[in-house]
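Asks: Residues per chain are reported as follows:
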Amino acid sequence: MSVVTLDTLSPGHEATIESLDLDAGFRQRLQALGLRCGRPLSVERQAALGGPLVVRVGPVQLMLRRCDAHGITVRLSA
Amino acid sequence: MKRLALVGMPNTGKSTFFNRLTGASARVGNWPGVTVDLYAAKILLGESMVEVVDLPGLYDLHGYSGDEQVVRRFLESQPVDALAVVLNAGQIEHQLPLALQLTHLGLPLVVLLNMSDEARAMGLSIDAEGLAAGLGCRVIAVSAKYGHGYGVAREALREALANPAPRPSLEELHSRLGGDDAVVEQADALLADTVVRPRQMAPNLSARIDRLALHPLWGIPLFIAALLGMFQLVYTLGAPLQDAVAWCLDGIRTLLLEPLAGWLPAPLYGLLVEGAWDGLATVASFVPVIVLFFLAMALIEDSGYLSRIAFLTDALMSRLGLDGRGFVMLLMGFGCNVPALMGTRVMRERRLRWLTMLIIPLSLCSARLQVFVFLTTALFTPHQAPWVLAALYLVSFVAAFVTAWLGGRVAPCHEPFVLELPPYRLPTLRQIALRSWQEVHHFLMRATRFIVIGVTLVWVLTHYPHDAVAGGPATLAGMFGQWMEPLLAPLGIDQTMAVVLLFGFVAKEIVLGALAVLVGADGDALTQLVGTRMDAVQGFSLMLFVLLYTPCLSTVATLKSETRSLAFTTVAVVWPLLLAWGASFAFYQGARLLGF
Ligand SMILES: Nc1nc2c(ncn2[C@@H]2O[C@H](COP(=O)(O)OP(=O)(O)OP(=O)(O)O)[C@@H](O)[C@H]2O)c(=O)[nH]1
Ligand SMILES: [Mg+2]
Numbered sequence: 001m002s003v004v005t006l007d008t009l010s011p012g013h014e015a016t017i018e019s020l021d022l023d024a025g026f027r028q029r030l031q032a033l034g035l036r037c038g039r040p041l042s043v044e045r046q047a048a049l050g051g052p053l054v055v056r057v058g059p060v061q062l063m064l065r066r067c068d069a070h071g072i073t074v075r076l077s078a
Numbered sequence: 079m080k081r082l083a084l085v086g087m088p089n090t091g092k093s094t095f096f097n098r099l100t101g102a103s104a105r106v107g108n109w110p111g112v113t114v115d116l117y118a119a120k121i122l123l124g125e126s127m128v129e130v131v132d133l134p135g136l137y138d139l140h141g142y143s144g145d146e147q148v149v150r151r152f153l154e155s156q157p158v159d160a161l162a163v164v165l166n167a168g169q170i171e172h173q174l175p176l177a178l179q180l181t182h183l184g185l186p187l188v189v190l191l192n193m194s195d196e197a198r199a200m201g202l203s204i205d206a207e208g209l210a211a212g213l214g215c216r217v218i219a220v221s222a223k224y225g226h227g228y229g230v231a232r233e234a235l236r237e238a239l240a241n242p243a244p245r246p247s248l249e250e251l252h253s254r255l256g257g258d259d260a261v262v263e264q265a266d267a268l269l270a271d272t273v274v275r276p277r278q279m280a281p282n283l284s285a286r287i288d289r290l291a292l293h294p295l296w297g298i299p300l301f302i303a304a305l306l307g308m309f310q311l312v313y314t315l316g317a318p319l320q321d322a323v324a325w326c327l328d329g330i331r332t333l334l335l336e337p338l339a340g341w342l343p344a345p346l347y348g349l350l351v352e353g354a355w356d357g358l359a360t361v362a363s364f365v366p367v368i369v370l371f372f373l374a375m376a377l378i379e380d381s382g383y384l385s386r387i388a389f390l391t392d393a394l395m396s397r398l399g400l401d402g403r404g405f406v407m408l409l410m411g412f413g414c415n416v417p418a419l420m421g422t423r424v425m426r427e428r429r430l431r432w433l434t435m436l437i438i439p440l441s442l443c444s445a446r447l448q449v450f451v452f453l454t455t456a457l458f459t460p461h462q463a464p465w466v467l468a469a470l471y472l473v474s475f476v477a478a479f480v481t482a483w484l485g486g487r488v489a490p491c492h493e494p495f496v497l498e499l500p501p502y503r504l505p506t507l508r509q510i511a512l513r514s515w516q517e518v519h520h521f522l523m524r525a526t527r528f529i530v531i532g533v534t535l536v537w538v539l540t541h542y543p544h545d546a547v548a549g550g551p552a553t554l555a556g557m558f559g560q561w562m563e564p565l566l567a568p569l570g571i572d573q574t575m576a577v578v579l580l581f582g583f584v585a586k587e588i589v590l591g592a593l594a595v596l597v598g599a600d601g602d603a604l605t606q607l608v609g610t611r612m613d614a615v616q617g618f619s620l621m622l623f624v625l626l627y628t629p630c631l632s633t634v635a636t637l638k639s640e641t642r643s644l645a646f647t648t649v650a651v652v653w654p655l656l657l658a659w660g661a662s663f664a665f666y667q668g669a670r671l672l673g674f
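If you read the sequences in order, they're chains B and F. When you line the first sequence up against the working numbering, it's residues 1 to 78, in that order. When you line the second sequence up against the working numbering, it's residues 79 to 674, in that order.
Isolated chain B (complex conformation) (with noise of 0.2 Å):
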């Protein structure tokens, strides 16, 4: 099981929360919405040209950027 960027992952891969590093706002902010370390999400689908990410936190799909998904750390589920 791996460690890696929510960033690198691609649509259908499920993983668990590890770690958040970004600013305290934001943080806060995910974890408002439920992304809070130890959660699993999965990844739904990417936007083209590097565009954003969708990813589902139980029952709420949120959009992500790329680069502020770089800040979040995830296991990658088996």
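Everything labelled a hint here was simulated from the structure, so no lab data went into it. There's no promise every hint is true.
Ranges between beta-carbon positions, derived for each pair [claimed, not checked]:
#1 300/F <-> 67/B: 19 to 29 Å
#2 18/B <-> 520/F: 48 to 58 Å
#3 472/F <-> 11/B: 41 to 51 Å
#4 70/B <-> 318/F: 26 to 36 Å
#5 11/B <-> 307/F: 48 to 58 Å
To be clear about the criterion: a stretch of chain B counts as covered by chain F if any three or more of its residues have a C-beta under 8 Å from a C-beta of chain F, and this derived list gives those stretches [as the list claims (entries may be wrong)]:
#6 4-10
#7 15-21
Here are some chain F residues the structure puts well away from chain B; computed CB gaps all over 12 Å [unchecked claim]:
#8 197
#9 515
#10 605
Since the structure is predicted, the reported quantities are computational estimates derived from the model, not experimental observations. All C-beta atoms, glycine included, are put in the ideal place defined by N, C-alpha and C.
Mind docking chain F with the ligands on chain B? Use the hints.
Replies: Just chain F with the ligands, lined up with the frame of chain B:
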């Protein structure tokens, strides 16, 4: 008077519940951040009057964007007697921590598990009693949109307000507005006991639509097609309705107004009938088109497609130094630029927000649409007209992109952001009716305030001094026109239009009404006369200018109040003017060079 505040995360249905409770018409839309300011209404609840306050959404009590600050400032500075905490039941796992945080404020509160219709459809089971025990307050499953559980909720709110709990002092509240991570553990423990979610998610419609709507290849072409389809529909349905209204207004003029006002002295008759009435009637004949247009906008706003558009356009917008939310605000600006400007409050980074606010006034709003529908009908064949209109929308986007790109060079900015993609939803008929009524109301307000005054003034300026030929060079308007001539002639714009454009600064609809006054006709006669006054190239040049030049007065006022910066407001007024002049000049001279 007692005060009840509605709080909750963005897009949970606070405004929908507020509307149901108070009969008000706060704006509702399937986009997080529709409400960005306080909105209050008074109702009789039980025996006492209660002021109900609809607040912007907040993610947690540390809130850091402009709209969240509004909530915090409100809670810190205004005495509140009870809170109605609105949660999206379908996302209870993410929303419960906020409810727990709010219980720490020590105010009487009622938790509303809203969207219980959607939660049920997902197969989610929530033990409201168990939650109530854990939270120490009433928990009620409701559907603000369809009305389930509304009676119970209203009763619970009345009780919460009736039981006079000791109001925590503002300092106390302030100190409790902190927050801690312990609530998350507490929430998880509570959820484990009360919520059962089916292991397998039912295959839902939203996911299926998204497979097409968010397709890497087809997503954007589909969006463009949807946009074109919408305008085509508004145009096709609107034209006959517009003719019908124009016919009615013309009837009122010949059957009622002319006999009634006939005895008035000529100058007064001219002022009232040929000035105020003709100008207003010409603008008013566009009401059906505007209503249709806003119906379509309401449908899009409530569908949840806006978030998808942000997703599709973010790659492009990020290269311009903006983000997908900015593009959505441009689209919202199609209706009216003012709410779109307010909508940028969800952006935290000031440079990003200001840059977005700089481009929104370039978005082709419904007031300008009226002018363009009129001019394209007068100057082009029915076959060409929709394409000319589409070209104007394209110019509007290009102008916004160029501005963003230049602005991004001057002040590059980046703000990390996350946006929820809510499920697709359909508005109810009630919601649609409410929204279109509001637009008509809004229009009538503008009409009585700005438009009548504007067109009347134009009439005066084009008819005085009274011994001058109406609309001629000796009138005040004529003199102003001569003065402006060196600036307008290179654009192919007739100097008599100078005064019209001057008043268009107040509200763009005035351009249309003033045109009627200037030409001295309304209805079909006006359309024909305009066709003889300018050719297609001149007409398009004029439209380019009207599209881009100085934003209207309300927009400028909003820019000023939202940024509190005179320098920024000046740039936002002067830049579009330069852009408009440059674009019209390039187009007109280019077209003439090519022999058109
Ligand atoms: N299915 C369903 N949809 C609802 C319900 N209540 C609200 N909605 C929809 O949810 C969306 C958001 O509603 P709003 O009332 O604008 O939400 P809000 O909490 O005021 O949102 P912000 O002002 O952005 O914070 C709209 O599309 C509503 O039609 C409900 O009970 N059931
Ligand atoms: Mg709202």
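Asks: Each hint should be assessed against the structure and marked as holding or not.
Replies: Right, here's what the structure says about each hint:
Remark: the range hint 19 to 29 Å for residue 300/F to residue 67/B is upheld by a beta-carbon distance near 26 Å. For the pair residue 18/B and residue 520/F, the beta carbons lie near 50 Å from each other, so the given range of 48 to 58 Å is met. One distance hint, 41 to 51 Å for the beta-carbon pair residue 472/F and residue 11/B, is violated here, with the actual separation near 32 Å. The hinted window of 26 to 36 Å between residue 70/B and residue 318/F is violated, with their beta carbons roughly 55 Å apart.
In this structure, residue 11/B and residue 307/F break the distance hint of 48 to 58 Å, their C-beta atoms being roughly 29 Å apart. For a cut-off of 8 Å, the count of residues in the segment 4-10 of chain B with a CB near a CB of chain F stands at 0, and the three-residue condition is violated. Proximity of the segment 15-21 of chain B to chain F, defined as three or more residues with a beta carbon under 8 Å from a beta carbon of that chain, is not established by the 0 residues found. Listed as a non-interface residue, residue 197/F fails to keep its Cβ farther than 12 Å from every Cβ of chain B; the least gap is roughly 9 Å.
At roughly 33 Å from the closest C-beta of chain B, the C-beta of residue 515/F stays outside 12 Å, upholding its exclusion from the interface. Against chain B, the non-interface label of residue 605/F holds: every CB pair exceeds 12 Å, the least being about 44 Å.
Violation of the numbered hints given earlier is confined to hints 3, 4, 5, 6, 7, 8; the remaining hints are satisfied by the structure.
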